[in-house]
Amino acid sequence: MTITQLYYVLAVAENQNFTKAAEKCFVTQPTLSMQIQKLEDQLDVLIFDRSKKPIELTDIGRKIVTQARNIVNESYRIQDIVDQQKGFIGGEFKLGIIPTVMPTLLPMFLKNFIKKHPKIKLKIEELTTEEIITRIKDGHLDAAIAATPLEDDSIKERVLYFEPFVGYIPKGHRLHANKKIDVSDLDINDMLLLEDGHCFRDGVINLCKAFKSHSDDQFQLESGSIETLIKLSNEGLGMTLLPYLHTLDVNDKEKENLHYFNAPSPAREVSIIYHKSELKMQIIEALQDTISGIIRGAIAFQNVKIISPLPK
1 MTITQLYYVL AVAENQNFTK AAEKCFVTQP TLSMQIQKLE DQLDVLIFDR
51 SKKPIELTDI GRKIVTQARN IVNESYRIQD IVDQQKGFIG GEFKLGIIPT
101 VMPTLLPMFL KNFIKKHPKI KLKIEELTTE EIITRIKDGH LDAAIAATPL
151 EDDSIKERVL YFEPFVGYIP KGHRLHANKK IDVSDLDIND MLLLEDGHCF
201 RDGVINLCKA FKSHSDDQFQ LESGSIETLI KLSNEGLGMT LLPYLHTLDV
251 NDKEKENLHY FNAPSPAREV SIIYHKSELK MQIIEALQDT ISGIIRGAIA
301 FQNVKIISPL PK
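The opening position of the sequence shown corresponds to residue 1 in the UniProt record's numbering, with each subsequent residue numbered one higher.
Hint data in this document are derived by calculation from the structure and do not stem from the laboratory. Please note that a few of the clues may not be correct.
What the hints assert, rightly or not - Here are the computed distance ranges between Cβ atoms for each label pair:
{"hint": "1", "residue 1": "Lys121", "residue 2": "Ser225", "range": "46 to 56 angstroms"}
{"hint": "2", "residue 1": "Arg77", "residue 2": "Asp182", "range": "27 to 37 angstroms"}
{"hint": "3", "residue 1": "Asp190", "residue 2": "Ile81", "range": "24 to 34 angstroms"}
{"hint": "4", "residue 1": "Asp190", "residue 2": "Lys86", "range": "16 to 26 angstroms"}
{"hint": "5", "residue 1": "Arg77", "residue 2": "Asn178", "range": "47 to 57 angstroms"}
{"hint": "6", "residue 1": "Thr2", "residue 2": "Leu110", "range": "37 to 47 angstroms"}
{"hint": "7", "residue 1": "Thr2", "residue 2": "Phe301", "range": "52 to 62 angstroms"}
{"hint": "8", "residue 1": "Phe26", "residue 2": "Ile306", "range": "37 to 47 angstroms"}
{"hint": "9", "residue 1": "Tyr76", "residue 2": "Asp289", "range": "18 to 28 angstroms"}
{"hint": "10", "residue 1": "Gly91", "residue 2": "Asn17", "range": "50 to 60 angstroms"}
{"hint": "11", "residue 1": "Lys24", "residue 2": "Lys52", "range": "12 to 22 angstroms"}
What the hints assert, rightly or not - Derived pair list, reagent style PhoX-like, types lysine-lysine, alpha-carbon separation capped at 25 angstroms:
{"hint": "12", "residue 1": "Lys276", "residue 2": "Lys156"}
{"hint": "13", "residue 1": "Lys171", "residue 2": "Lys253"}
{"hint": "14", "residue 1": "Lys276", "residue 2": "Lys137"}
{"hint": "15", "residue 1": "Lys94", "residue 2": "Lys53"}
{"hint": "16", "residue 1": "Lys24", "residue 2": "Lys180"}
{"hint": "17", "residue 1": "Lys53", "residue 2": "Lys20"}
Being a predicted model, the structure only gives us computed values, none of them experimental. Glycine is no exception: its CB is placed at the ideal position from the N, C-alpha and C atoms.
Between the sequences and the hints, there should be enough to build the whole structure, so can you do that?
Here it is, written out as structure tokens:
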């Protein structure tokens, strides 16, 4: 049994196709098939049911894949140990970022980070929290930036910052005249929300649930982007809540619609998250140092109450 064979097994399990898996592994399809066949012969089991289209794992195959993923991840640790011993901070690093963080945080730190660490080849994807968790567990992401806590034993979290919620309340709305607002003022039935799948949406719903009951069919409008929520609010279709960093980009006229919460301000916790195997920690720590240093000057709020991003 070799690590290469296990790597091939993981590729087929992911792609459910021998040809696609071979392409991903940069080998010929006969080579990959032969190595997996040798492994199955050695173990005297079938890992894949080749009669199914697409190819499926057998029952024992699922257990083998789980263990193979652990072994392959641990094999990467050897190179990781060597890199850390040499003080090397470089190589490919796959980073996921949730949609409500990407447009505000990325421009703040990316240029600085690349300049400081030119040997790191960052590959960045905008993904939902659910996609991020799956890819970290499957080994397809090295780390991600997401709202936490996620309460997942296989994932570790390092807090980067706390980002307060800010009310965006247009003229004519019942709360517009209030200089500051309380959480108890919120009513989910006159609030614009992000579409399902965004953890910021779940945070807003959890915040409102603490004070008022609601039913999903009462939601009036939902959108895929915060920018659209602002535009809909400007049309008088309701108020919305924004993450604090998004308020830094609104124009002067729209700033008149920003309403801050009385302390403690509801806020989300934003963290860098990664697999418990702790691979590429030197790069994760470099990201944490860069982001924490930059964000410290942007968010001055101290008295906040963290709202869970998990759907209730």
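Verification of the hints:
Between Lys121 and Ser225 the CB atoms are about 29 angstroms apart, so this pair departs from the stated range of 46 to 56 angstroms. The hint said 27 to 37 angstroms for the Cβ distance between Arg77 and Asp182, and at roughly 49 angstroms that hint is violated. A C-beta distance of roughly 56 angstroms is found between Asp190 and Ile81, which places it outside the suggested range of 24 to 34 angstroms. At about 58 angstroms, the beta-carbon gap between Asp190 and Lys86 misses the expected band of 16 to 26 angstroms.
One distance hint, 47 to 57 angstroms for the beta-carbon pair Arg77 and Asn178, holds here, with the actual separation near 54 angstroms. Checked against the given bound of 37 to 47 angstroms, the beta carbons of Thr2 and Leu110, roughly 39 angstroms apart, stay inside it. Look at Thr2 against Phe301: about 53 angstroms separates their beta carbons, and that is inside 52 to 62 angstroms. The given range of 37 to 47 angstroms is respected by Phe26 and Ile306, whose C-beta atoms sit roughly 44 angstroms from each other.
Distance hint for Tyr76 and Asp289: a CB-CB separation of about 23 angstroms, consistent with the stated range 18 to 28 angstroms. At roughly 28 angstroms, the beta carbons of Gly91 and Asn17 sit outside the given window of 50 to 60 angstroms. One distance hint, 12 to 22 angstroms for the beta-carbon pair Lys24 and Lys52, holds here, with the actual separation near 20 angstroms. At roughly 6 angstroms between alpha-carbon atoms, Lys276 and Lys156 fall within 25 angstroms of each other, so this suggested pair holds.
Taking the CA atoms of Lys171 and Lys253, the gap is near 11 angstroms; set against the 25 angstroms cutoff, the hint holds. Taking the CA atoms of Lys276 and Lys137, the gap is about 9 angstroms. The hint holds against a cut of 25 angstroms. Restraint check for Lys94 and Lys53: not satisfied, since their Cα atoms lie roughly 31 angstroms apart, outside the 25 angstroms limit. Of the supplied pair hints, the one linking Lys24 and Lys180 is violated, its CA atoms being roughly 54 angstroms apart against a limit of 25 angstroms.
Proposed proximity of Lys53 and Lys20 is supported: the alpha carbons are some 14 angstroms apart, at most 25 angstroms.
In summary, the structure is inconsistent with hints 1, 2, 3, 4, 10, 15 and 16 from the numbered list given earlier, while agreeing with the others.
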